[in-house]
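Engineer: Given only the sequences and the hints, what does the whole structure look like? Please build it.
2 protein chains.
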Amino acid sequence: MGKKAKTAIVPTREDNYAEWYQQVIKLADLAENSDVRGCMIIKPWGYAIWENVQKHLDKMFKDTGHKNAYFPIFIPKSFFEKEAEHVEGFAKECAVVTHSRLEPDGKGGLKVAGELAEPYIVRPTSETIIGASFARWINSYRDLPLLINQWANVVRWELRTRLFLRTAEFLWQEGHTAHATREEAWEETTKMLDVYADFSENYLAIPVFKGEKSEKERFPGAVATFCIEAMMQDKKALQAGTTHFLGQNFAEASGIKFQNKEGEQEFAWTTSWGVSTRLIGALIMAHSDDNGMVIPPRVAPAHVAIIPIIKNEEEEEIIMEYVRNLKDELKDQVYDGRNIEVELDTRDMTFSERSWDWIKHGIPIRCELGLRDIENDSIYFGRRDKEPRDKQSMNRTEFVASIGATLDDMQKNIYQKALDFTNENTIEIDDKNEFYKFFTPKNPNKPKIHGGFAKSHWCGSGECEEKIKGDLKVTIRCIPADTVEDGKCISCGEDSKKRVLFAKSY
Amino acid sequence: MGKKAKTAIVPTREDNYAEWYQQVIKLADLAENSDVRGCMIIKPWGYAIWENVQKHLDKMFKDTGHKNAYFPIFIPKSFFEKEAEHVEGFAKECAVVTHSRLEPDGKGGLKVAGELAEPYIVRPTSETIIGASFARWINSYRDLPLLINQWANVVRWELRTRLFLRTAEFLWQEGHTAHATREEAWEETTKMLDVYADFSENYLAIPVFKGEKSEKERFPGAVATFCIEAMMQDKKALQAGTTHFLGQNFAEASGIKFQNKEGEQEFAWTTSWGVSTRLIGALIMAHSDDNGMVIPPRVAPAHVAIIPIIKNEEEEEIIMEYVRNLKDELKDQVYDGRNIEVELDTRDMTFSERSWDWIKHGIPIRCELGLRDIENDSIYFGRRDKEPRDKQSMNRTEFVASIGATLDDMQKNIYQKALDFTNENTIEIDDKNEFYKFFTPKNPNKPKIHGGFAKSHWCGSGECEEKIKGDLKVTIRCIPADTVEDGKCISCGEDSKKRVLFAKSY
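Protein chains in written order, with this note's numbering: chain U, 33 to 538; chain C, 33 to 538.
None of these hints come from the bench; they were simulated from the model.
Do not take every clue at face value.
Which copy is meant is left open, because identical chains are indistinguishable; a pair holds if it fits in one copy or across any two.
[Stated by the list, open to error] Here are the simulated lysine-lysine pairs, DSS-like style, with alpha carbons at most 30 Å apart: (1) Lys114 <-> Lys58; (2) Lys248 <-> Lys87; (3) Lys94 <-> Lys363; (4) Lys87 <-> Lys99; (5) Lys520 <-> Lys114; (6) Lys359 <-> Lys223; (7) Lys359 <-> Lys94; (8) Lys99 <-> Lys114; (9) Lys289 <-> Lys392; (10) Lys99 <-> Lys418; (11) Lys139 <-> Lys58; (12) Lys530 <-> Lys94; (13) Lys38 <-> Lys343; (14) Lys139 <-> Lys268; (15) Lys58 <-> Lys444.
Bear in mind the structure is a predicted one, so any value in this text is a computation, not a measurement.
Structural biologist: Written out as structure tokens, the structure reads:
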């Protein structure tokens, strides 16, 4: 390591990206591991981001005609067994409830008792249990489309877990819809993918690629799976949301039938789609830097931290009155339909410690105010999208009046930075050697740093897909819908009709 | 049964209260039983009420300084065993996860596999798992108070379940706080009881009695439990929310210690408090009538149903244009900080069927509009707090401009009606015979209808409490904080210092 500026996060992204990620989470108080294997605790600052994600997405779902409902957390084993591919995909890692009480074990502890006649699975996803309801609720074409969403916790007993990215329990939303025709279900699948892309780009400030998954990467039981894929700062891809066109597979498994206009019985066409607390992992890896968390203002738990700098008791009253008034003035301002949220930080720490703590937490704006600033009616502040030492002064009235515009500028800057990074590291490759070189680390000591995303031709065969995965740990992230172009497969050289997106991934 | 008007709900409240309750839920599409024993499905109309409950309560929690977080759904058995009374209270009915996968059983089905080293309990409540986090998060008096809330699902393997009132899985919020002193924790316990009472009266329009629980009715492991109790229309009590002063019991069990200002280690003082989807059961039983659901406007999923009455194709265009404009005008109005939500009902059913369907769903206002109304620019509408056939006409401009005032009037009327009913059926009783007569059904064919709530003296002994419970199935609902008055125990005749609230209960 050469000489460089001291950073708040050690190690830096360049030195050890995986450990940097853990440290950002720790120092921003976002989440922590619990005593329950693979389950995380989402701390208030992290949960507040999730609440903002929920609030915005929920409005988008409702604006597109969906209604929320709630279904049981448990799925009877027999339901789970109904769709063969589905059970195959989820049976290997699930939490199974087998008993209904604890009894004294005679040694001062407790033992399990009350064995259930049929075990229950803690839902890893709810297609089968919601399908059973849909079968009851739907009788006629008049009952369609049925557009339902659920906010819930789900459990998948993952072996290797990482905070937000892969945890045994996670929070998510799962949309489940039923339609009278194939076309309508297909349209819903692509419409919700657009909603996810819109949300990711305009709220999370994360640019995404949209497209279909290859057959190997499909949701178990789906006819087609679509996804949005985003580039993280280590140039790996993260799947940030998926939508599934389920055809009539789950309708047949659950008996979701309706009488059509001609009086005949038909199976419905269904879809499902979801995003999870994984989005917070994406947020961290897309924007944060070597000083900690960077949060786009539209999903930030709070917008402004005010840090009064009080040197002695005489100053205290005048400074505290000023900052309380400033806080009230800011709270009357509105950004993105929400009143400005302000943290007034009077903790018993030096102003520098407090300022760095807010930098690590990623609050968009922090104001450091001492007596001289107040006498000048001037606000000395730093923006989280700039360097920590890049601060500026502004007249109070102007600062308050322009706070919404400042936040909006930050939201756009953060997006633009991520977009530039993604574009810089995404290239079209038509030569096999170049492709292999692109995905081979330049520095053997840093095996995880490689080229980025490659848009290359693929013949469509599972063999070529497997070959590339085996050679490079590179997978097809998605097959974009809108490009049709003749070319030669990057692996076998056979004819190809379109470029697909290749990358290493989370 | 004598002659009476036909009602939308059969049976009526008087004929069979328990069955009436089920029918109201069914015909209002609030919820239904699932294929998972004791677990309910909350349908969109019911879930929208819960979302409104969440929105308002969440704001009240945040306004009182609490932050949301999320903790694991699973509790290791060893955690659960830490507090003796607590485990005693919950071990008899809990969902136990013992395995982590399913494997082919060789007969075409699946069998459980992957036994866990330690079983996990699906949380029935989270004191122990949250306590483990608090122990890590709290080091110094500077970390206190710690004020956390969680919105979550919990599971208690109840034998006898009833939609919303008692289900194996239910949705709730659980507040968990830690304080440096006994006084602060006690103040939090009573403050949150006040928040619950405020919410119940001002949003759910349900009057409540506040007070402490007797020792027998305390939360397992608590030093003191407080509750709000509401009278249902069968004059039984429903506990609608509880707050617990946990003393240092859970702090000792979980090791929640802090260094005080003097540099000494002390155990923290903790509280917990919760309300659940049971509140929707309370809402149904407090306000609904023999025509179905009645929902106070502040928590109603939608405010206005517009039912166009179209007699022939020629009318259709003019009527539909008018109702769409009316919908837009109404949506621009605001009531209780929320834009008016309107359902435009063009279903292929007679206008009478549609109108009755909305009555059963409890929408506050329904407008029935035919060509003649439109030609007069006049809105013909019914209010759900009045009789179904009691409708009125109003000029459109006036109707739109006064919609907020109309809803506000309804909110107050619904509360006043429930308050009058509660007051009429709550009396002070000082004579033992009178007390026994009060709680003995007047009509032996309707054993559930009895006197109501009795405010009577109690000496404080568990024996008297048990005697009354054994004789009459009547329990002490709560011990109000504010009455001190000399008297004689209604059971044993010994000295008593205060009246307590006796009732049959859910």
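Engineer: Evaluate each hint against the coordinates.
Structural biologist: Hint by hint, here is what the structure shows:
In this assembly of identical chains, lysine 114 and lysine 58 lie within 30 Å of each other by CA distance solely across copies; the values are 28 Å between and 42 Å within a copy. Proximity of lysine 248 and lysine 87 under a CA criterion of 30 Å is satisfied in neither setting, with 33 Å inside one chain copy and 42 Å between copies. With identical chains, the CA atoms of lysine 94 and lysine 363 are at most 30 Å apart both within one copy (28 Å) and between copies (15 Å). Taking identical chains as interchangeable, the C-alpha atoms of lysine 87 and lysine 99 lie at most 30 Å apart whether they share a chain (14 Å) or sit on different chains (16 Å).
Taking CA atoms no more than 30 Å apart as the test, lysine 520 paired with lysine 114 passes in neither setting, with 41 Å inside one copy and 65 Å between copies. Taking CA atoms no more than 30 Å apart as the test, lysine 359 paired with lysine 223 passes between copies only; the shortest distance there is 26 Å, against 41 Å inside one copy. Taking the shortest alpha-carbon separations for lysine 359 and lysine 94, only the inter-copy value of 17 Å comes in at or below 30 Å, while the best intra-copy value is 33 Å. In the homo-oligomer, the alpha carbons of lysine 99 and lysine 114 lie at most 30 Å apart inside one protomer (26 Å), although the nearest pairing across protomers, at 41 Å, exceeds that limit.
In the homo-oligomer, the alpha carbons of lysine 289 and lysine 392 lie at most 30 Å apart only across protomers (27 Å), although the nearest pairing inside one protomer, at 53 Å, exceeds that limit. In the homo-oligomer, the alpha carbons of lysine 99 and lysine 418 lie at most 30 Å apart only across protomers (29 Å), although the nearest pairing inside one protomer, at 41 Å, exceeds that limit. When the C-alpha separation of lysine 139 and lysine 58 is checked against a cutoff of 30 Å, the pair qualifies neither within a copy, at 39 Å, nor between copies, at 48 Å. Taking the closest pair of Cα atoms, lysine 530 and lysine 94 never come within 30 Å of each other, the shortest separation being 35 Å inside a single copy and 52 Å across copies.
In this assembly of identical chains, lysine 38 and lysine 343 lie within 30 Å of each other by CA distance solely inside one copy; the values are 27 Å within and 78 Å between copies. Proximity of lysine 139 to lysine 268 under the C-alpha cut-off of 30 Å is found in neither arrangement, the shortest distances being 52 Å within a copy and 43 Å between copies. In this homomeric assembly, lysine 58 and lysine 444 come within 30 Å of each other (Cα to Cα) only inside a single copy, at 27 Å, whereas the closest approach across copies is 49 Å.
In summary, the structure is inconsistent with hints 2, 5, 11, 12 and 14 from the numbered list given earlier, while agreeing with the others.
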